[in-house]
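Asker: Construct the complete structure from the given sequences, taking the supplied hints into account.
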Amino acid sequence: MSDFHMVVCVKAVPGSTEVKMDPKTNTIVRDGKQAVINPFDASALECALALKDDFIGFGMDVRVTVVSMGIPATEALLRDCIARGADDALLLTDRAFAGADTLATTYALKCGIEALDEDFDLLICGKMAVDGDTAQIGPELAGAFEIPCVTDVSCVQSAGFTTCGSLALVHGCDAGEETVYLEMPCAMTTAKEIGQLRMPSIAGIRAAEEADVRVVNAADVHADPARCGLAGSPTQVVRSFVPDRDQTCEAVEGKPTEQAAKLAKIIEGMA
Amino acid sequence: MSATIKPFTDEFEEYGRDESRSSGEASSISFPTSEGEACAILRQLHAERVSVTVQGARTGLAAGAVPHGGHILNTSRMNRYLGLRRDDEGHFLLRVEPGVVLSELRKQLGKKMLPTAGWDQASLKAYEEFQEAPEQFFPTDPTEASACLGGMAACNASGARSYAYGPMRPHITGLHVALTDGDLVELQRGEVFARGRHLSLVTAEGRALEFDLPSYTMPETKNASGYFVADDMDAIDLYIGACGTLGVITELEIVLQAAPAVVWGVSCFFDSEDKAVSFTDSVRPVLSHAAAIEYFDAGALDILRRQREQSTAFSSLPALDKEAKVCVYVELDCDDEAQATEELYHLGWVLELAGGRDDATWVARTEVDRECQRFFRHAVPESVNMLIDERRRTDPTITKLGSDMSVPNARLADVIALYRRTLAESGLESAAWGHIGNNHLHVNILPRDAQDYRRGGELFAQWASEVTAMGGAVSAEHGVGKIKAGFLETMYGHEAMVESARLKLQLDPAGQLGRGNLFSEKLLDELVQKGGA
Amino acid sequence: MSGLVIDSEACIGCGRCVRACASGGIVVEGERPNRCARVTDGCILCGGCVDACPVSAISIERDEATDAVDLDAYQDIWVFVQTDEHDTVAPVAYELMGKGRELANARGCRLVALVGMGPESSLGELEHLVCAGADEVMVCRDERLRQNDAEVYARLICDLVAERKPEAILYGATAFGRELAPGVAVRLQTGLTADCTVLSMDTETGLLQQTRPAFGGNLMATIVCPNHRPQMATVRPGIFKAPDFDYGRSGTITQVALAEDAKARVEISIPAEEWGQQASIADAERLVVVGRGIGSKKNLPLMRKLAEALGAELGCTRPVVEAGWLEYRHQIGQTGVSVSPKLLVSIGVSGAIQHLAGIGGAECIIAINEDPDAPIFGAAQYKVVGDAVEVVEELLAQLER
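Chains as they are written, first to last, in the working numbering: chain A, 1 to 271; chain B, 1001 to 1533; chain C, 2001 to 2401.
Derived from the structure by calculation, the hints contain no laboratory data.
Where a beta carbon is used, it is the ideal one built from N, C-alpha and C, also for glycine.
Misleading hints may appear alongside valid ones.
Claimed, not checked - Using C-beta positions, here's what the derived DEER-type ranges look like:
| id | chain 1 | residue 1 | chain 2 | residue 2 | range |
| --- | --- | --- | --- | --- | --- |
| 1 | B | Thr1116 | C | Ile2012 | 29 to 35 Å |
| 2 | B | Thr1397 | A | Gly269 | 49 to 55 Å |
| 3 | A | Gly15 | B | Gly1457 | 48 to 54 Å |
To be verified - If you want the footprint, here are the derived chain A segments under chain C, 3+ residues with CB under 8 Å:
| id | segment |
| --- | --- |
| 4 | 44 to 54 |
| 5 | 67 to 74 |
| 6 | 168 to 182 |
| 7 | 208 to 214 |
Answerer: Given below as structure tokens:
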């Protein structure tokens, strides 16, 4: 048992989010490039690792566990998280998880986190994933655990933690940025401003090679198949399509003076 | 002929300068868009004996592209891709005009797309093969990727990856050089060689050129100082690194090679310079896939730390550990991850033997991490430039003084000891970084006032002679240009300068091209008056 | 068992599905003419192959819901009306009222606005919600609702949903809306579609057709929530038009209570500044947006001058913020602000997908860029190929004339 246990949820996303239309078949071609850790989740991990450094400085015993739901190949990315400073990793992988929307993903992650050998004090997610852009997993997980959640955190101040047991978080809200205090256990989602994920060291890479990434399926974490994957997803995608970009782009030609004159006319015409 | 000789009016003011931050005067300027136009312009200027300074992207640090009166021939608009072929070994050879910018070339190669407008059938066929082949790359990487290929050839540019791939020279297989009278020399590597130190060439117009090469011996180290001369040398090598003094490069053929499948960057931090030097010495023979070995000294890292605190531009840099005094960066270019891992562990082993710590390292294995490391490495010179810019506000006469000297492997520790001893004696502020793998550091003096600036200059002159005594070169990669002409004389001696100037005058009898580059105008003019070559 | 189904009769073994798959979830096996796709353990049912199949041989099948809720018990469309700590209604709430009214009319149901405010707030502004289309305004006035605390609001909404069973709830995709709606969804165990740009009602089934961008705006997906209620969606500000007020409309205002034991667990220590400053580029009618293509920071004053001359605000791309030329609040795009001005002059912006995702709402885009192939031109109405600084200098001269 550690003094402070952080759980970071990460997702593997395609290295590029480019989507093209196959002109011959009129179907969508998503570039199946090599997967990377969702950049916002990378910031979430950095947030946890920076806090770990702070807390170790306070003389505490700190642990960071990375949890992901994904295909078996995601294990390599979790190993990379360990190389960068995470202590443990859990991969939830099962055909039963396939096709999960945010609710079913939340359920699977919750089952996985509950199956860890230690409760968490702080749950950190990236603010959103670059492929789905829903920004729902963090707040849904917090709701599932009935703990408070602060989204879009750009700065964490740990200085007062040892005296009052709470963290001061700067986060984006509708009126700008506010600072809030939060007691554990709680959840937060991180913005990229919190910091770029540190690089692994040679020592870290060695350790990660020997580390144990726990790979589990739905049954291992006692997940109800009816609440997992496609079956457990209330939402259904009925159609995907590449949006029409406005094709009627008019070229404004000529020398800069002539271009400027034409632009001035266009702008005046709109006033 | 659309390219014309225009008077050098205020609108062209920026063309009077380059990255060396020195400037000069000119009376006219032209922007030819093809070899034919460039030759026509030279022909016209030759008739009037107007001096000509050749320019590319003006990213040079030795003022080679800064005019000394006369005409500026700017090649930046000669930027077409001309064709592609494969050699017997299957390498792709790309023909380009000199104004093609390196960053553009890299982008095109990365996308496997080349602008093929106007290419012949044979080139288009090679292009099809190029698109099917593994991704290709051009290894020469001067820090400034906005450099153009013509300029890189003219100063035999290098960069970090020269540790594995050498300078620009071996990657050039063909050159077209326009002579001062508008005639052309077309050279293909492996076709024309000197006999001893005598060279015979035939121009496109059929004129035979016969001339003698200088007799000096080049140092056996990374070198971009003066003309490349050797017994029985390939004629093409004379024009690479000639700083625009023998002719104007109007076309190049470069060799592409398959891009390495796995590129990992490793930054190793040490608490002392001695450990970094000992690490470098012992890691060189151990690694077989190191593409670059670079160094950042304590002065450089300190400035970076300060700028990171002060400027938002650098705030996203990863934080440096307090213990980290100096940094050695090693780039591994490997065939697969297993090979890279093996190299990495070898490196880690040497690191610990040298007194380093394997947890005080950054290993970039992903694109995001590589980008972060690139940012870090580029932030060092940038932060130093920002510091100097601040100081210029109080004293506009000072600029950064940067050295570019290299020595043989065995003298690495000696040359660093020399720098440290003399810098400490002089009390000057400095920051050093660069290509420690090639025993080639850029030591930068950061003058606080005009007196510092002058003393820095004196120190460099002292280094030039001591480095020469160690068997080194006064310019390893920037070229000599105008700024280091004095050091070149220190390195080779006066007689070699006279021989070099004679060589130039055999090809450029009126001394029109690149005045002030490599040797003093005074020497050149004296020789011209004595009847030239 | 639900999952990916391949029609081996229809499959032509072309392999497009394999290329579309990012997770190695599908392979093509066998010799022609019997070459056929097969699902592997890597399949995550993302639907990429379904979209890529030229002969519609792949589909995702799901089992019929066994414990389907009684859908008919749910009625009415609700709009969550966000207020700030001074009980001012967020502009996006009116935009939602307009859309909600349209959907309620199509469905033949009532539109209900749900508002939480401080205890001593006046009910005056709530009349405006009626004018904007509400049949009923449910308001809870409680000290605990003064601050926007997602847990407290989630409790209020969940309790009301249990009691009144709405068919659909719309939220603004504001920072608070994006924090609140997922918390409600997970507690009610229902679906939530984020950042919708199109909403329509299937009048037969009452299914809300929710269309949203994914992959940074590269792909649009239409999503439904067939077996769970309420159907919930968030909508980005600036996507729908706020309706003109109809002062002749009538509606009821009902006061509701918040459960005794609901309490905020997040303590605000330094409050943010008022809305407004932050919203200036999001709500601007005219914008000048600059990218790294303007060359250097020293060209910024020129761009500011143009913005002034046009009466426009200044926005920028992410690299400009990263280079330290402008502050984050100017950043437009996926990780910045979404904007919907009438006129957007884009200068030296190449048009990365992430940036384009933020300017989709602009009515007219004039793009100035040196590179004739810059993707920004794909989103622009007017294309100016040229040096940014030169063109802007000339344009300024023209405008000042």
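Asker: Now tell me, hint by hint, if it's right for this structure.
Answerer: Do the hints match the structure? See the list:
Checking the proposed 29 to 35 Å range against threonine 1116 of chain B and isoleucine 2012 of chain C shows it holds: the Cβ atoms sit about 33 Å from each other. In this structure the supplied range 49 to 55 Å holds for threonine 1397 of chain B paired with glycine 269 of chain A, their Cβ-Cβ distance being about 53 Å. For the pair glycine 15 of chain A and glycine 1457 of chain B, the beta carbons lie near 50 Å from each other, so the given range of 48 to 54 Å is met. Chain C is given as covering the segment 44 to 54 of chain A, and this is violated because 0 residues of the stretch bring a CB closer than 8 Å to a CB of that chain, at least three being needed.
Residues of the segment 67 to 74 of chain A lying with their CB closer than 8 Å to a CB of chain C number 4, which satisfies the three-residue condition for coverage. Coverage of a stretch by a chain is defined here by at least three residues with a beta carbon nearer than 8 Å to that chain's beta carbons; for the segment 168 to 182 of chain A and chain C the count is 12, and the condition holds. Coverage of the segment 208 to 214 of chain A by chain C is violated in this model, with 0 residues showing a Cβ closer than 8 Å to a Cβ of that chain against a need of three.
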